[in-house]
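Asks: One letter stands for each residue in the lines below.
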Amino acid sequence: MSDEPPITLYRLQACPFCERVVRKLDEYGLDYRSRFVEPMHSERDVVKRISGKRSVPAIVDENAGLTMSESGNIVEYLEKTYGGEA
Amino acid sequence: MEFDVVELPEADHPEVGDTAPDFTRPLVNEAFWEGRSLSSLTAEGPVLLVAHPMDGAFPATYVWNEIDDREWADAVDVVGLSISTPYEHGSLLDERADGARLFSDPGAGVAEQYGIEHDLDGMAGITEHRPAIFLLDEDRTVEYAWVASEWPDFPDYDAVEAAIEDV
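Those sequence lines, one after another, are chains A and B.
Count the first sequence with UniProt numbering and you get residues 1 to 86, in order.
Count the second sequence with UniProt numbering and you get residues 1 to 167, in order.
Hints in this document: simulated from the structure, not taken from any laboratory.
Treat the numbers as computed from the prediction; the structure is a model and nothing was measured.
Among the clues, some could well be false.
Residues from chain B shown here face chain A by an in silico Cβ test under 8 angstroms; the list is partial [what the hints assert, rightly or not]:
#, residue
1, ALA31
2, TRP33
3, GLU34
4, TRP151
5, PRO152
6, PRO155
Partner residues are not named here, just some residues of chain B that face chain A (Cβ under 8 angstroms, in silico) [stated by the list, open to error]:
#, residue
7, PHE32
8, PRO86
9, GLY90
The beta carbon of each residue, even a glycine, is placed where N, CA and C say it ideally should be.
Work out the full structure: start from the sequences and follow the hints.
Replies: Printed below as a string of structure tokens:
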């Protein structure tokens, strides 16, 4: 749908690494869609399909046609792309 | 043995021709859940909204078994609604409700919007959805409506099926 936000965050409830990414998205005022996945690693095929591994957080940024895992990488990417300082 | 079935008070619910109230809740599929509005689903085609008692209660199990047997999810977008959490919905989807998605409404706010609240006797503090079925077209216009008047009560599956074939 056209009114869907371009950024989708795959997250696990209460996962601190996911919250770290959320804080960064909020800091830059980025609109995003949250998709919550199962706590059981083995039941996260949807995350594996999009990112190649089952870990969360993972984001899909359709602005850039990019998918990424690991909160450190994601935060760095968000800072570079949306933080206003290259 | 003869006894009276519990009658539920009259429900002030959306009727055929009314526009069903829109709402946004976590919508659970087999892989994840995300906040979705009912209107975003109807925008893609007719929706069969199936409100039911909490997951695990036998009426919820019976209703989904029947819907699975009749393969309604092949004909229309079948969407459940109960007070159960997304985790419980995930377990339900492991067992049944093949091809359906389930809205999670733990606070029963949608039950209130639809006038189908059921305060459970003996479970203080818990209000859930009474069994109800609404068939909605692309504009959320109600094409078919059924709400339980007794407890427990089950839909007229043949009537629902006829309505699905018409929509």
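Asks: If a hint holds in the structure, say so; if it doesn't, say that too.
Replies: Status of the hints after comparison with the structure:
no. : hint   : result
1   : ALA31  : holds, 4 angstroms
2   : TRP33  : holds, 5 angstroms
3   : GLU34  : holds, 5 angstroms
4   : TRP151 : violated, 32 angstroms
5   : PRO152 : violated, 31 angstroms
6   : PRO155 : violated, 30 angstroms
7   : PHE32  : holds, 4 angstroms
8   : PRO86  : holds, 7 angstroms
9   : GLY90  : holds, 6 angstroms
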